[in-house]
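**Student:** Take the sequences, apply the hints, and build the full model.
If you read the protein sequences in the order shown, they are chains F and W. Taking the numbering used here, I'd label the letters of the first sequence as residues 1 to 296. Taking the numbering used here, I'd label the letters of the second sequence as residues 1001 to 1296.
There may be inaccurate statements among the hints.
What the hints assert, rightly or not - Label pairs and their calculated CB-CB ranges:
| hint | chain 1 | residue 1 | chain 2 | residue 2 | range |
| --- | --- | --- | --- | --- | --- |
| 1 | W | Asp1285 | F | Asp206 | 28 to 38 Å |
| 2 | W | Arg1068 | F | Pro46 | 56 to 66 Å |
| 3 | F | Thr173 | W | Lys1185 | 44 to 54 Å |
| 4 | F | Gly286 | W | Pro1145 | 53 to 63 Å |
Hints in this document: simulated from the structure, not taken from any laboratory. We put the beta carbon where it would ideally sit given N, CA and C, even for glycine.
Letter by letter, the chains look like this.
There are 2 protein chains.
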Amino acid sequence: MLKIAIVGYGNIGKAVMEAIEAAKDMELCGIVMRAQSMHKVTASVPVADDISKLNPKPDAAILCTPTRAIPEVAEKCLLQGISTVDSYDIHTDIWELRTRLDAAAKKGGSTAIVSAGFDPGGDSVVRALLEVLAPGGKTFTNFGPGMSMGHTVAVKAIEGVKNALSMTIPLGTGVHRRLVYVELKEGYAFDDIAAKIKADPYFASDETHVYLERDVDALIDVGHGVNLVRKGVSGQTHNQLFEFNMKINNPALTAQAMAACARAGAKQMPGAYTMIELPMIDLLDGSREELVRRLV
Amino acid sequence: MLKIAIVGYGNIGKAVMEAIEAAKDMELCGIVMRAQSMHKVTASVPVADDISKLNPKPDAAILCTPTRAIPEVAEKCLLQGISTVDSYDIHTDIWELRTRLDAAAKKGGSTAIVSAGFDPGGDSVVRALLEVLAPGGKTFTNFGPGMSMGHTVAVKAIEGVKNALSMTIPLGTGVHRRLVYVELKEGYAFDDIAAKIKADPYFASDETHVYLERDVDALIDVGHGVNLVRKGVSGQTHNQLFEFNMKINNPALTAQAMAACARAGAKQMPGAYTMIELPMIDLLDGSREELVRRLV
Chain F
1 MLKIAIVGYG NIGKAVMEAI EAAKDMELCG IVMRAQSMHK VTASVPVADD
51 ISKLNPKPDA AILCTPTRAI PEVAEKCLLQ GISTVDSYDI HTDIWELRTR
101 LDAAAKKGGS TAIVSAGFDP GGDSVVRALL EVLAPGGKTF TNFGPGMSMG
151 HTVAVKAIEG VKNALSMTIP LGTGVHRRLV YVELKEGYAF DDIAAKIKAD
201 PYFASDETHV YLERDVDALI DVGHGVNLVR KGVSGQTHNQ LFEFNMKINN
251 PALTAQAMAA CARAGAKQMP GAYTMIELPM IDLLDGSREE LVRRLV
Chain W
1001 MLKIAIVGYG NIGKAVMEAI EAAKDMELCG IVMRAQSMHK VTASVPVADD
1051 ISKLNPKPDA AILCTPTRAI PEVAEKCLLQ GISTVDSYDI HTDIWELRTR
1101 LDAAAKKGGS TAIVSAGFDP GGDSVVRALL EVLAPGGKTF TNFGPGMSMG
1151 HTVAVKAIEG VKNALSMTIP LGTGVHRRLV YVELKEGYAF DDIAAKIKAD
1201 PYFASDETHV YLERDVDALI DVGHGVNLVR KGVSGQTHNQ LFEFNMKINN
1251 PALTAQAMAA CARAGAKQMP GAYTMIELPM IDLLDGSREE LVRRLV
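**Tutor:** Have a look at this one:
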């Protein structure tokens, strides 16, 4: 049994707990969270404000903190010999994170699975596969309609924002509209906040609309989707057509992917890996023979 | 540069040649085929009737012979230290082939990529990924409409069949109809041949219709498709919806997948692997950094 700790206990942390409960080869050995929130955990599982306080020591930590906290939290675990899985979703910085965590993992004798989840994650594997099957051509990733967790967290981190929701609307061919719904704290001007949101790296390159709302929570639906399309060339043959669609509960999917990556991490040599660097079979529970017979 | 030999020069062999020409990291070092067919090769590339006659020795052989010849041909290459890629497509016997070739590859210090192509192959990776993302539930693989190469070859192998084409028609939820068009050699009874086709392991479990035709070649279109559907459970969350569609030229896709697998095989330890046992990144040409930055 793989002993797993969950670090951070929000939407994703709770969903990871469900994924671990459903897995036959993993057990939850503790939750790491801020001391002042510990009363929110009702499950009978050890809770600590620092992963080093968990006993027995976890084999792996699934990191469910905000994405910007990941580099530091992951590095700390890895150096202690605790493998990590994160769902770091700032696409432009994934390679840098992987490089940093690769060094820490090799030093600590642990593994880091970087950017597991929906996208980056499952979508990344599909994008890689489609290039394998048709190296020429272009893939378009069309997200939504649905709530983007990464974008929502980014808006909530802006000073003056009381509550927020960022919806992603696919306009086709990889172009998206962002609909951002916010409640503000008293004393903040809507126009200033809207400008800050639009200037954030998460939003700067997309058409972004910001709306003031009275009750953002009433708008929340964590369903999300993707339509991934490639028209490409295999050898000298053009017009090879591919399409991948998901309509999913996003936290549940992300958590499930992360739990599976904890399993795969335990099978790799020390170092950092993204999902396209892992054999799919390592993410699954079962004997090699049973999995090859059933899935190949 | 990876030196590749093509063994067998039919539809797939010719498409593999195109895929190798399009790849920057591979070069074709020879074609292996029966002596009496050698005049059909017009390209300026060494041709031999036995792979051991090629000089320099290939790093890998892409096997484009009929599927039932694969075990013997592959084993012979592997024991000589030449890695192999095949598109063996008898799903029920893949594990047995993998086991046999694993032993030969370890003995010869080579690698065997088993059952690369459309399905098994690309579809296998998608099936594995969907179970990673939603372990509960059922995946349905709906093929076609399109010509099945494996089924067509199986019909052609039946004594008395002069020419044949097997079309796969998706009926949904993994159920298929097989439409088989045949021309017969003189002296053979249609009813006997039809019965033999229906009893063949390729057809025995499907609704199969056999039609006598005057000109089978006029019906041929090597386009094919798949609609792979999963409705599953991530953690405790039901109704996670997934769909993967391809509409492709089948020989071109199969050949491209095989060429990519030759690249991946060169990066593995001696032994046999199916596509779900390979990291997707190993199938792609390019630096790890460039691929992670672009695809993750």
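**Student:** Mind checking the hinted window 56 to 66 Å against the Cβ distance between Arg1068(W) and Pro46(F)?
**Tutor:** Once the Cβ atoms are compared, 57 Å apart, the range 56 to 66 Å for Pro46(F) and Arg1068(W) holds.
**Student:** I want to verify a distance hint. Is the separation of the beta carbons of Thr173(F) and Lys1185(W) within 44 to 54 Å?
**Tutor:** holds (52 Å)
**Student:** State, for the Cβ atoms of Asp1285(W) and Asp206(F), whether the hinted interval 28 to 38 Å holds or is violated.
**Tutor:** holds (31 Å)
**Student:** Hint says 53 to 63 Å; check whether the CB-CB distance for Gly286(F) and Pro1145(W) agrees.
**Tutor:** violated (33 Å)
Hint 4 from the list above is the single one not met by this structure.
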